[in-house]
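Peer 1: Given next are the chains, with one letter for each unit.
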Amino acid sequence: MTAEDSFREMFAMIELEMRRLRHDRTEIYTRAVQPILWLAVFGTVMSEVRGIPTGEMPYIDYITPGVLLQSTIFVSVFYGLTIVWERETGILKRLLVAPASRWATVVGRSIASGVRAVVQALIIFPVAILLGVKFVSNPLYIAAAFVVLFLVSGGFAALSIFVASLMKTRERFMGLGQALIMPLFFASNALYPIELMPPALQHIAVLNPLTYAVDATRGLLISGDLSNLAIDVVAIIVFDVVIFAVASLSFRKIIE
Amino acid sequence: MAFAIEARQLRKVYDGRTKALDGVDLQVNPSEVFALLGPNGSGKTTLMRILTTQFRPTSGLARNFGLDVVKRGAEVRKMIGYVPQETSVWADISGFENLLIYSKIYGVPSSRRKKSIQDALSSMGLEEVAKRMVKTYSGGMVRRLEIACALLVKPRILFLDEPTIGLDPSARKAVWENLTSFKKEYGTTVFFNTHYMDEADLYSDEIAIINRGKIVKSGTSSQLKQSLMSEILQFHFNHHDSNHDGIDEGALRKVKDLASVRDAILCDSRLDVFVEDGETALPKIIEALRSEGKSIERISAARPTLDDVFLRYAGTLSFGRDGG
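So the sequences go chain by chain: A and B. Note that my numbering numbers the first sequence so that position 155 is 155, with each residue one more than the last. Note that my numbering numbers the second sequence so that position 108 is 364, with each residue one more than the last.
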């Protein structure tokens, strides 16, 4: 299996996702509703209350990176459902019999989900502008934020594929997906600074990849403070590499 | 010359308990259409999944064109096409797009991609619906598209798991006509599992019957029929008989024990008796049935069909063993 074969397959997977998206965008729109409510309702109200100390930053600006990430990570965490569905049909069997490597399949699908997630974020981004969120004006910063978003979404999609290879049925997967997503969101700095959390939760937040992604995107999109960016990006890449490896190793289990 | 498919003493045990394959020996010649028949749970699908490198066998050996499916799986995957029993195309994109994605996954070079897709579409008679979304296809069209996806790389062996299950007779016919002409053109070896005896009879060069994880009989359709070395005498009984089934174990045993009878099978209320020579056997059978107090309504004679072969080797095999 050459590297070329693997890259070819990864690109095919991305193309597949784009084509599916082109034919039916309903999901992208319906999935945008919840994050928009977080910004428009929760963000606006909490901005008025000023209950959470976010320094100079208006609260709605503070949570925008977190909400963007939450919306993309929702897409990723439930990407495994597609894999479970493909397991129930014959698609996965067929992919495993194709001349392509397991890791190319897993990484390709994860990246494809990352691309889908970025499209999702692109829908919410203009809404945030309309709601008065003040973004950093440097387009390079914005582009870099989307790269971070893409990287972390790909990682969570791989996590989802890993979970799918263990759970194997829709019902079990849905249960675990639901159990995963909200704690992930709440045990991060998406909605409030880590320092406000109880100590036990702080430890979890430090291990949560979402924390680093939020920190990086908040720096790039809102505050312009890039002092932690290097650490954040390293943490995200480590997460990606580990989870890609784990998901690739367990992938074959899914059809057994 | 190497066999297209070769299995030797292939075993697969699931979870250390369930024996799915129990020593399968099998040879398929290149360019042959090979049908594997077997009842549910006989190991058909497991065998196909081992041959297509999805599962590792617990022990034994399997090769496709001389390549070991375990040790050289990557090379095997490059030369085989596989269509699983379940749907294996994406319904939310068009037929053409499915072929495009699969052609990229299979590594068809971009210079040949368009032609491969065209060929695959025309092999399966799908040119006119290529641009339509797959979710608007009929069952037969979906199945042809799935096979078309496998034909993109002109595989040396095409594995089809229950290729026409759930299709109506005209869709089945269309699938097979397309497959047959593709096979004629490219000399592809076709290996398929099926429940449909007529399909095996009509379209395969060779047939193997698998039961309880073992190949119990193989040969051409006519060899298999001849192997019964018999004609079948069918006895229909009067319904007013005290025994509503028409016949009981005792009478069945008595018929089976006759020297001129090879086997006897109860099909509903009809008794099928396999005999080598009908003319000499018939009086003895009638006598045996009469002595058990059975009143025969009608007797007919039939040549064995593949259904009979299947029933003999897979359906009522244990019955036959108990009797003999």
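Any given hint could turn out to be false.
Label-pair ranges, simulated between beta-carbon atoms [said to hold, decoys possible]:
{"id": "1", "chain 1": "B", "residue 1": "389", "chain 2": "A", "residue 2": "52", "range": "28 to 36 Å"}
{"id": "2", "chain 1": "A", "residue 1": "130", "chain 2": "B", "residue 2": "389", "range": "31 to 39 Å"}
{"id": "3", "chain 1": "A", "residue 1": "231", "chain 2": "B", "residue 2": "270", "range": "25 to 33 Å"}
{"id": "4", "chain 1": "B", "residue 1": "561", "chain 2": "A", "residue 2": "81", "range": "44 to 52 Å"}
{"id": "5", "chain 1": "B", "residue 1": "267", "chain 2": "A", "residue 2": "7", "range": "44 to 52 Å"}
{"id": "6", "chain 1": "B", "residue 1": "322", "chain 2": "A", "residue 2": "142", "range": "53 to 61 Å"}
{"id": "7", "chain 1": "A", "residue 1": "166", "chain 2": "B", "residue 2": "316", "range": "42 to 50 Å"}
{"id": "8", "chain 1": "A", "residue 1": "234", "chain 2": "B", "residue 2": "389", "range": "38 to 46 Å"}
{"id": "9", "chain 1": "A", "residue 1": "203", "chain 2": "B", "residue 2": "389", "range": "28 to 36 Å"}
{"id": "10", "chain 1": "A", "residue 1": "7", "chain 2": "B", "residue 2": "443", "range": "54 to 62 Å"}
{"id": "11", "chain 1": "A", "residue 1": "81", "chain 2": "B", "residue 2": "442", "range": "37 to 45 Å"}
{"id": "12", "chain 1": "A", "residue 1": "178", "chain 2": "B", "residue 2": "267", "range": "50 to 58 Å"}
{"id": "13", "chain 1": "B", "residue 1": "316", "chain 2": "A", "residue 2": "175", "range": "37 to 45 Å"}
Here are a few chain B residues that face chain A, going by a calculated C-beta distance under 8 Å [claimed, not checked]:
{"id": "14", "residue": "301"}
{"id": "15", "residue": "334"}
{"id": "16", "residue": "342"}
{"id": "17", "residue": "343"}
{"id": "18", "residue": "346"}
{"id": "19", "residue": "363"}
{"id": "20", "residue": "367"}
{"id": "21", "residue": "389"}
{"id": "22", "residue": "392"}
{"id": "23", "residue": "394"}
{"id": "24", "residue": "397"}
A few chain B positions that, by computed beta-carbon distances, are all more than 10 Å from chain A [stated by the list, open to error]:
{"id": "25", "residue": "330"}
{"id": "26", "residue": "360"}
{"id": "27", "residue": "558"}
Quick caveat, the hints were computed from the structure, so don't treat them as lab data. Glycine included, every Cβ here is placed at the ideal spot set by N, Cα and C.
Peer 1: All hints are to be evaluated individually against the structure, with a verdict given for each.
Peer 2: Now for the hints, and whether the structure bears them out:
| no. | hint | in the structure |
| --- | --- | --- |
| 1 | B/389 x A/52: 28 to 36 Å | 47 Å, violated |
| 2 | A/130 x B/389: 31 to 39 Å | 34 Å, holds |
| 3 | A/231 x B/270: 25 to 33 Å | 47 Å, violated |
| 4 | B/561 x A/81: 44 to 52 Å | 46 Å, holds |
| 5 | B/267 x A/7: 44 to 52 Å | 38 Å, violated |
| 6 | B/322 x A/142: 53 to 61 Å | 57 Å, holds |
| 7 | A/166 x B/316: 42 to 50 Å | 29 Å, violated |
| 8 | A/234 x B/389: 38 to 46 Å | 44 Å, holds |
| 9 | A/203 x B/389: 28 to 36 Å | 49 Å, violated |
| 10 | A/7 x B/443: 54 to 62 Å | 32 Å, violated |
| 11 | A/81 x B/442: 37 to 45 Å | 38 Å, holds |
| 12 | A/178 x B/267: 50 to 58 Å | 42 Å, violated |
| 13 | B/316 x A/175: 37 to 45 Å | 40 Å, holds |
| 14 | 301 | 10 Å, violated |
| 15 | 334 | 4 Å, holds |
| 16 | 342 | 4 Å, holds |
| 17 | 343 | 5 Å, holds |
| 18 | 346 | 7 Å, holds |
| 19 | 363 | 6 Å, holds |
| 20 | 367 | 14 Å, violated |
| 21 | 389 | 7 Å, holds |
| 22 | 392 | 12 Å, violated |
| 23 | 394 | 17 Å, violated |
| 24 | 397 | 16 Å, violated |
| 25 | 330 | 6 Å, violated |
| 26 | 360 | 4 Å, violated |
| 27 | 558 | 38 Å, holds |
Checked against the numbered hints given earlier, this structure breaks hints 1, 3, 5, 7, 9, 10, 12, 14, 20, 22, 23, 24, 25 and 26; the rest are met.
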